[in-house]
Structure formats: structure tokens, C-alpha cells
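Going down the list, the sequences are from chains A and B.
First residue of the first sequence: 323, per this note's numbering; consecutive thereafter.
First residue of the second sequence: 323, per this note's numbering; consecutive thereafter.
Think of the hints as simulated: they come from the structure by calculation, not from any bench.
Hints may be right or wrong, so weigh each one.
Repeated chains share a single entry, so a pair holds when one copy, or any two copies, can fit it.
Cross-link-like lysine to aspartate or glutamate pairs, in silico, EDC-like; alpha carbons within 20 Å at most [said to hold, decoys possible]:
| hint | residue 1 | residue 2 |
| --- | --- | --- |
| 1 | Lys-497 | Glu-621 |
| 2 | Lys-399 | Glu-626 |
| 3 | Lys-469 | Asp-449 |
| 4 | Lys-381 | Glu-420 |
Residues per chain are reported as follows:
Number of protein chains: 2
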Amino acid sequence: MTLILALDFGGTKLAAATVHAGSKQWLGYERRLSPANANADTDLEIMRSVINSLLKGAKPEAIGVSFGGPVDATTGKVRLSHHVLGWENVPLRDLLEEEFGVPAYVDNDANVAALGEYRFGAGQGYDSLFYMTVSTGVGGGWILNGKPWRGAEGMAGEIGHMVVDPSGPVCLCGKRGCVERLASGPYMAQDVREVLRNVRAACPEDIPPSRQGRQGRRGEVLRELVGDNLELITGQIVSEAAAAGDDLAKEILYRASWALGVGIGNVANLINPQLFVLGGGVMKAGEDFWQVLRKVARETALPEVPSEIVSAALGDDAPLWGAVALAEDVLG
Amino acid sequence: MTLILALDFGGTKLAAATVHAGSKQWLGYERRLSPANANADTDLEIMRSVINSLLKGAKPEAIGVSFGGPVDATTGKVRLSHHVLGWENVPLRDLLEEEFGVPAYVDNDANVAALGEYRFGAGQGYDSLFYMTVSTGVGGGWILNGKPWRGAEGMAGEIGHMVVDPSGPVCLCGKRGCVERLASGPYMAQDVREVLRNVRAACPEDIPPSRQGRQGRRGEVLRELVGDNLELITGQIVSEAAAAGDDLAKEILYRASWALGVGIGNVANLINPQLFVLGGGVMKAGEDFWQVLRKVARETALPEVPSEIVSAALGDDAPLWGAVALAEDVLG
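Bound-form chain A, shown alone (with noise of 0.2 Å):
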């Protein structure tokens, strides 16, 4: 049997796994945390160890590989990550060729992940789709005609920095209202962050008595979960204290569930793909999240774009999935 090794360089976690090529049931499976300081070479180093803890000896016939940062995907080399140092022209295809002697293909997470929910998960038997993940970014990787498309550049997919709102607060990227300034976790707890500190700022002289009312129990929740310090909270923090009734927290996850149907409904006019599939720690947020994106998407497309959107099915496990879908391809 075919064996296959699947890596993901996740920027934050390295995970590897081995399975048989056919099989959907991993043979070997290992997680592990980025360290804080990490750069390129330590995490190469932390790499190579579970690989070796997982093949004990045994070769495989080809390695697929998810990367968490652009990547040229014609040579497998690896253009920067914005999280890890150290990354900015890696050949880490040919590195992995030469120490395995097998076959490589490397590509960026969102494309792999595309790629795995479209083969092993739930794009299954669809010919076109979109995959998002909204979790600290969002990104997005394309299916057509059955097989990822890359674009010119590679860089496909940014569905992240898709502008839903030329008067929205600033991105990193420089632009107003992009998607990604609006849905991901870390920039809706910034947000949810700033206004209670002005709330607090504010309070209690410039703020007549009706208001503090009304403004207290907006973000009450957010204050209790996280012990009055704002600087834990998070994306998911602030899915639990709009699941709780904090209008606050509603407030920015409505509007987030808002951009990201603005974002799929232009994307359902412009490509008209059969499928959605959306998954990342943002999508936990509950049926009233889904339920605003699915309608704002269906009035953003037109009357004759219907768009299924579903969730994924892989979980974090998409990319490495989808590495196997590209160590498969690559033995043909």
C-alpha cells in the first residue's frame, strides 16, 4: 500500500500525518504547538522530529504540504509567513525532496484546505466551490472544473481583503470595510474592546443616567467573561457573550455575519460556484450568524445565483487532508 506523509506549517500549530493512499482513516497523527520565538529553522526542526516519531523508519511515496503564508506553488517555494520569521524564499519543496528522496507539492493553507474539503470532506461531488476560513484571517481557496485554481500570482482566493465597505474602519492592508477587517476574531475583539474603553472613559459624568443604563448592559457579558480584563477577550469570547445576550457582542457579530454575506453573495455574482464551504473558529458562532450571512448572501447575488453554503466538514484537519489530495495527484 501507498503510503502518504501530510504536513501543515499552520503558523501557530504544526500538525503531520500519515495515511494510505484510498484510505479517509489516518495511520499516524501528531499536533503540535509553534513556540512563541519560533522562526523557519525551529520549526523545520520541530517538523522533522514528528515526522520521524510518525514514519519510524518507513518511507513514504510522496509528501503534500500545507503552508500557512503565499507560496509559489509551481516551484513549492515558500514566499514569507506573516506569523513566523525566517520563511521569505524557502525552497521547502525541494528541502523535503532532497531529505525524503520522494516526490513533494506545496501549497498555501487555504488552497490545500479547499482542496480537502473537495475531496475527502464536503464539497465532495461538487465541481465548483469556494472555501473560506474565518478564524485570525480570512482567506479562501477555489475549486473549478474539479481542480484548484491558483491565478496568475497564486494568490487567488483573497476573499479576506475584499472591500463590503468603503466607509468601515481601516484594515492592516490600508484599505477601509475589507471583509477580513470586519469578520475575523482578532479585529472583532479590538473593536468590542475600544468601545467599552470609551464606554468606561465616558462614564459617569459625560453620560446621562438613560444612556449608562442602556450602554452598562450592552458588554456586561463581555465584562463578566473575561474578569473586567479586556485584554482577554477574543473572537470566540465574543461569540459566547452574544450567545448570552450581550448587545454589544451582537452588535460586531452581526455585522460580521453581514460582511461575509455581502462578501459571498459579490462572490456568487462573479464566479457562480456551485458550493460555499465555510469553516474556521468564527463559524462556531451559532444558528443566528449563519442565518444573517445566508440572507444577506441571498440578497446580495441576483434572483438567478442560488448559493448553497454549508459548513465544513474537516475542522482543522482540512489542510492536512487536503496535502494528501496533493501527494495523491502528484503520484498520478
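Go by the hints and put chain B onto chain A.
Leaving out everything else, chain B in the frame of chain A:
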């Protein structure tokens, strides 16, 4: 030599041409206006007489057809026309195949024009491109991996109804701030007219003299160009007035080029095609218009996503040349 018949059902105009496969020179070429009270039957009747006058008894080997409205390209059935009555569910491909006894292929005009520019025009030598036409509407068509990409329901390319300003004016489709709402000729004319009417209605009592002067210059050229008959204002008149320095016309045109730039930048991030090809009457608005559009597109796209944006090369003949390409592909 293989004779090909190319047809263009354009909504307000009908065109047909003949060419030898592989040639870039028309053998015969005719254009007719569709009468104001046209329906599908009269359009077909006019087209028959044009075809007969072109073919003079010769028999083509294949027929390619561009249709100005949604088409199911797999069956060659027209869904409807937004301009001409009676086209609902007309099996145009079957009609033509029966009448002429040769294979035919029918697709919507934006897809066909994209194919025309790809095979015979500004997109020659590229592998992926997005073609946009900006005139009475805003539409688009895709070439990906050297082939038309039509989408699951044949609706891909609808950049006209991408929302770029959710607080913008309401579009016929019900949404606010669609690209078409901001950049199509008739909508630009409508917005200019509305401003001019409001200025007149408010003058002279309500506006202080200092502002009256300014408002006067805004729109003065526009009024002159149409002899004060605002109904005569068109997208082209707006362009002419802007070129002559009219501030109101310049503002409306700026907004249009901004909307197109945001749309193109968003598309670049999402699909990363090699090339954008822009045609249609509005694109003749001049160098300033192109400059703003290119600048906004560059700012909207991520720095890693360069976008080459060029003018269409085939003008009004893009759909006919695309129809030739469709017919050539049918012949294999």
C-alpha cells in the same frame, strides 16, 4: 475552406457576419437596428433576411451565436431578454440547427465577447482574463485556463451587481451601490439629471448667492450640450461635459471610475487573472477616467496581486468574433 456564420442578437441591434475558419477577415458583414417594438419573432425574421443576404445560398459548416441576455449554453436555450419581449425559453440553438442543418452554439454576449477578445483581440496570448463591458449595463465574462468559465448556472461574470458602496444609491436589482448603478451610462445620466433638476427647483430663493455661482458652473456645460433639455443627457454627454471641464459631470464620472476600480481590485484579489480587458462606450470617457480606475484598482488589490488592465480591441465586433470562436470550437 470552412465557412462560419456568426450571429449577434444584441437587444437594440442585430449583426451577422461570415468568415473562413482561421481567417481574421470578414467575408460578409451586416448590421441592423432592432425596431423599437421588436419581439423575438421580428428579431428572428430580420436575422433570417440578413443571413440570406450574406450567405447567398452558400452553406456554413457551423454557426456561433452571441445573445444579449441569459442563456443556458449547454442546451443553447435562451432564458430571456431584458430588452426584447418573447425570448423566454426560446431554443435558439435547436431552431438554427434545424433551419440550417449544421451545428450551432449559443452563449450570452459577455461570455462570447470575452472569448472574442481572448482569441482575436486584446487577450491573445493570455491564459486567464476577465472581460468587462461598461455601457448601458455592466457585464463581464471569464476566460480561465484558456477556456470560458460560465459558472454553475451560467451566471458567472456578473460584476455589474457587485456591491461596492452599501450606502450608495438604490439599483434596479434592489441593492445599493452596485457597480452598474454607479458606472453605467444611463444611471450616470439619471444622476446628473436629478442633481440639475434639484438645483433648478431650489433656485434662486433657497440657495445663498455664493453657492448659486458654484452650482451654476456645476452642470453649466451639461445644460449647454443638451440645449437645457435634460432628457437628452446620456452617458456620452456626461463624458463630453467632463472633458469640457463641467464639475458635476466630472464628479459623476469620478464616482463611476472609482466603482469600477474597486470592483476590479476585488476581482483581482479573488481570482487573480492575468489580464482585465475593458470595453463599452463608457470606457471611451478619456484618460482621466482610466487613470482613476487603474489607481483605485491598484489600491484595492493586495500588493502581491498586480493587475494589467487594457482596453478591448474589437469594439462592437467582440461578440461576433467570439461567435466565430464558438463555431470553430464546435468544429473541433
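Here is what the structure says about each hint:
no. : hint               : verdict
1   : Lys-497 to Glu-621 : between (25 Å within a copy, 8 Å between copies)
2   : Lys-399 to Glu-626 : between (41 Å within a copy, 15 Å between copies)
3   : Lys-469 to Asp-449 : both (8 Å within a copy, 16 Å between copies)
4   : Lys-381 to Glu-420 : within (13 Å within a copy, 62 Å between copies)
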